[in-house]
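Keeping their order, the protein sequence lines are chains A and B.
Just so you know, the working numbering puts 42 at position 42 of the first sequence, and the rest follows in order with no gaps.
Each position in the second sequence, counted from 1, maps to that position plus 1000 in the working numbering.
Check the hints yourself; a few may be wrong.
[Unchecked claim] Covered stretches of chain A (chain B as the covering partner; in silico rule of three or more C-beta atoms under 8 Å from a C-beta of chain B):
| # | region |
| --- | --- |
| 1 | 199-213 |
| 2 | 402-412 |
| 3 | 446-454 |
Derived by calculation from the structure, the hints in this document are not laboratory data.
Owing to the predicted nature of the structure, the values given are computational and were not obtained by experimental measurement.
Glycine residues also receive a C-beta, built at the ideal position from the N, C-alpha and C atoms.
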Amino acid sequence: MAATVIVIGAGPAGVRAAEALVEAGLRPVVIDEGRRDGGQIYRRQPEGFTRTYDALYGTEAERARALHEAFDALRPNIDYVPDTLVWNVAPNSVHMVSGTRHRELGFDALIVCSGATDRLMPVPGWHHAGTYSLGGAQVALKSQGCAIGSRVVMMGTGPLLYLVAAQYVKAGATVSAVLDTSTFAQRLRALPQLLAIPSTLKKGIALMKVLKDARVPVHRGITPVEIRGTPEHGVQGVRVKLADGAMLEVECDAVALGYHLRSETQLADLAGCEFRFDQALQQWLPVADEDGRSNVKGVYLAGDGARVRGADAAERAGRLAALAAMKDIGMISNEDEANKLRIQLGRFTRFAAGLRAAFPWPARFAATLPDETIVCRCEAISAGELRRVVNDMGAKEANRAKAFSRVGMGRCQGRFCAHAGAEVIAAEARVPLEAVGRLRGQAPVKPLPMALAPHQDMETSE
Amino acid sequence: MTARADVIVIGGGIVGTSTAFFLRQRNRSVILLERGLTGQQASGVNFGGVRRQGRALEQLAMSNRALETWRRSRELLGEDVEFLPSGHTRVCYHAHDAEYFHRYAADARACGLDLEVVEGAAMFRRFPFLGRDVLAASISPLDGHANPRLAAPAFGRAAARLGAHIVENTEVVRVEKEAGGFRVETATGDVYRAEQVLICAGAWANALSTQFGEPVPLSARGPQMAVTEPVPYVFPFSMGVYTSIKEESVYFRQIPRGNIVLGGGPPGPADAGTRRASVLPANTVAQMAQFRRMVPAMRALHVIRVWSGVESYLPDSEPVIGPSSTTDGLFYAFGFSGSGFQIGPGVGETLAEVLDSGSTPIDLTSFSIRRFQRASSTHAESITSETSP
Chain A
1 MAATVIVIGA GPAGVRAAEA LVEAGLRPVV IDEGRRDGGQ IYRRQPEGFT
51 RTYDALYGTE AERARALHEA FDALRPNIDY VPDTLVWNVA PNSVHMVSGT
101 RHRELGFDAL IVCSGATDRL MPVPGWHHAG TYSLGGAQVA LKSQGCAIGS
151 RVVMMGTGPL LYLVAAQYVK AGATVSAVLD TSTFAQRLRA LPQLLAIPST
201 LKKGIALMKV LKDARVPVHR GITPVEIRGT PEHGVQGVRV KLADGAMLEV
251 ECDAVALGYH LRSETQLADL AGCEFRFDQA LQQWLPVADE DGRSNVKGVY
301 LAGDGARVRG ADAAERAGRL AALAAMKDIG MISNEDEANK LRIQLGRFTR
351 FAAGLRAAFP WPARFAATLP DETIVCRCEA ISAGELRRVV NDMGAKEANR
401 AKAFSRVGMG RCQGRFCAHA GAEVIAAEAR VPLEAVGRLR GQAPVKPLPM
451 ALAPHQDMET SE
Chain B
1001 MTARADVIVI GGGIVGTSTA FFLRQRNRSV ILLERGLTGQ QASGVNFGGV
1051 RRQGRALEQL AMSNRALETW RRSRELLGED VEFLPSGHTR VCYHAHDAEY
1101 FHRYAADARA CGLDLEVVEG AAMFRRFPFL GRDVLAASIS PLDGHANPRL
1151 AAPAFGRAAA RLGAHIVENT EVVRVEKEAG GFRVETATGD VYRAEQVLIC
1201 AGAWANALST QFGEPVPLSA RGPQMAVTEP VPYVFPFSMG VYTSIKEESV
1251 YFRQIPRGNI VLGGGPPGPA DAGTRRASVL PANTVAQMAQ FRRMVPAMRA
1301 LHVIRVWSGV ESYLPDSEPV IGPSSTTDGL FYAFGFSGSG FQIGPGVGET
1351 LAEVLDSGST PIDLTSFSIR RFQRASSTHA ESITSETSP
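Bound conformation, chain B alone:
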């Protein structure tokens, strides 16, 4: 079987499905190839934070763009992905982290993200449920959360309604440049052709970028998620701890039906080969102590289920987004390092713009795959606290 389109998107996570959606809005033909089902791995198992604050400043232009899409998601997608623009708050336990809140708020304001930092008595008046270890809170009123189990599949269905060809249960094994474009071959021997290819295959991307001489130090890890039984709806916003101590970095959100979604702390093991990731029992136990510290009233709740999935991490915790450095017409977007959910539709919109028009006003330089060719060993591991978005 041979099929042809303007663009082949490899990977049906939130970046792939939203790119397909925005490409169809631009009237470009698109085939999306997904090894499993859309939104099944990192895009489907993450915390569901629609959070701009805390991101590297370079991400904020795309993140702001994404927020516009999240706000219009019901109208754009024709279905509800449970986006709640109820605000996102970061809290901290250490004085140097409180100082950082102020610095970050000033920097972020210049990038179109308005934050409010509160401390001490004013903070406890605002959030009376917080534990007494908490020193400061940074509030992003326009951020919020959405349902990750629904979002990427909804983008996929909306793209399909606009004419995208979404092919699930199809594993790509080889991508080759040929005269006039690319030849993409699947595990079952099917061949797809296109002028341009976008590889947004998460933890599976390195096997494909390596075929173009661009290996990346990508590793697979699993978020450590949990959910409580439903209880009265009292926390509309989502909230997390900012800290350089990994164990402290937990976060939660409550959905209107009452369950509280929990996550954070050190990630667990994940295996791209078997597509399995697990929650380490010790991580679940350690998370509970951290939640009791942040919100002591949570002591009375019960965790009814835990889950994980395969996420892809890069050493600097920043994604690869943009053109290949070796091959014209080839583009990448992967390695979101636990922070791809919110920004996904902004990346998709930006890539669709680049694939269609050849340029974007958004500066993608810092996300280039080149950085791993230049200096594979000199990149310091940066400290990011809230690894899940």
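Isolated chain A, as found in the complex:
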């Protein structure tokens, strides 16, 4: 019997992994949370929407089209399970849910292509309605053709800051300001590494021109002060300190925030993968070899979910992980292609290091957050409360601080607050970030309906 290989995610990594498996004669199962393939970056618009590839993806139109066409061609040869969340991973099986239907499926190999979401740093007032992540702002646009507000401020740092701003401008939305916490000098210093992928660098420069032509104010080297708003009206403006020390206030009704990306690692965690602290990234990441093999037999990690290197790298990493899985299963391996992919990925790794230098994570902000700033938005826990458990209750480790303060206990399980929460603890306890540790992952990956019933059963009244 042919091996069962499950691919989680139908973004760039997942699609290319499935493609390599199909080419070798396997029939993989592709489970994806989205209703349609493409992942976040190449998200396909809902059926019946008619925007063109150029309108939807801009400079990435050709890549998006190629990925979608590749996936469409795979459809007869894969078991495609869309609109389905893998909520838990047991040894050699995944547990998934679609609506309220539950299913368990065994695997010989599991390729996790879980993607990334925004890395967030709290700012006073970010709990007001109208505050989104940059990724969320992009989803609204790509999926539904909506802007998050009529006057939008983009704040944070990273390539997505400029990409989303440019996409909003092109879609006709009003971008009131782009507020970047990193500086032009940092960008220049990172240039040698960014030249590892000149085409992507060029696209970045083109985005700046879109903003300039639209006369969008762009400020670099800013320090966020406050998102101003009220519970009744939501976001009303943003206050920042400019590089020269002057205060700037921008009126707006929505803010998109983000500081580059963080890998979505809960599935790797639930699968039992070992995690290590990456000094360069200042993040805990699952351990995987160059080809994506984790320390758990049969579990492979690819794409931004394993290490943020962008969509082009994810396509190659997905393919490489599939080759590794097939080799380990005992199928014929294609070493020539694997070698080529490894060399290409090396360039993306250098480029990613350049992006980190150009758009650094502003760890220093955590120490100066006012006590009343909400850190954990799900549970509404403030920086002051988190500092209190560090100081009064001796909680200098992430899980201990979570147990005492509830930071990371809510429905996002720390996906959006754990990075900043750990920085607050580290600053307050005066220990290195690594010593704070990482929140242990718990199922479910996302909230699980209590109406859950086994997939096969006909619903009976209860």
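Take the given structure of chain A and dock chain B to it, following the hints.
Frame of chain A; chain B shown alone:
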């Protein structure tokens, strides 16, 4: 390094931290050695039920004592452990279980626990949200629930404020009797000495009791816990199903911020060696069906997180509490079999009394470690329904 005290407590769960607290109230010097952090395992991951009803009658004297401490916890500990004396209700689906409710209520009354049993229409008037399978409810109005993540650490901090020496991240590898008392050695080679030792090390206790010729058939298991998103606060009390069918035995409580804490059903695997326990996905799915049966309105909720931890179980589901049968000055308290949280401070107070004065009015005979030396194979596995307190 050598340190000495009147008493060394090994294990910083709720029993160890509360014993240290009550020993300091009696002015006895105490060192508490904890392999991880206080309240991190069974005491910290359990359901948080402050429940007397359902316990073996022999436990009720200590359980009543514990309730007094829970009631005074804010004043005693100087911090809030979120104790809510909002009542605890057991419900059942089977006629023989309803009959048992009446018998247990009569027996418990003689032990200082007052219960009210309601059935049929009267029960549904009182608890209109209950599923129609429910036959009877047994209400304990003075019981309630508290936050297990906060309680044992709070006892530990209060003990430390009174002068107890709480040493965390310290694993005890050897306990030996020597002239004048005990020598306790840690994994890093530190030595502590005391006249008396209390071993309340949960799932790790057997390795130490074995050093005194008293092995016990202790096993590690993990409670299967879950929590929903916050919803409007409508269930002040905690509630569970009494049944001999393990899958049916689920329980819940809602905290004022709105989340509903869920647990029950068969336990999951736990490993004292790695200090890890897991929630089996199939258990989570099975629990949901049972909650829909008990409270159909729960169908609309979502579970946002599950968790487990390492609990210690004995074959008769009753703990070991009291003196060693081989060694003077050595005491035990472990194997609470998923029901140690509520009674913990009562056990701590009682042990402090015994360690300090040499006696207690509470009868500890049935909890003696001797029972496992006498008849290791004849103990029938008793049926307990609500394994978490």
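These are the hints, each one checked on the structure:
1. 199-213: violated (count 0)
2. 402-412: holds (count 5)
3. 446-454: Three-residue rule met by the region 446-454 of chain A, so holds; n is 8.
The structure fails hint 1 only (numbered hints given earlier).
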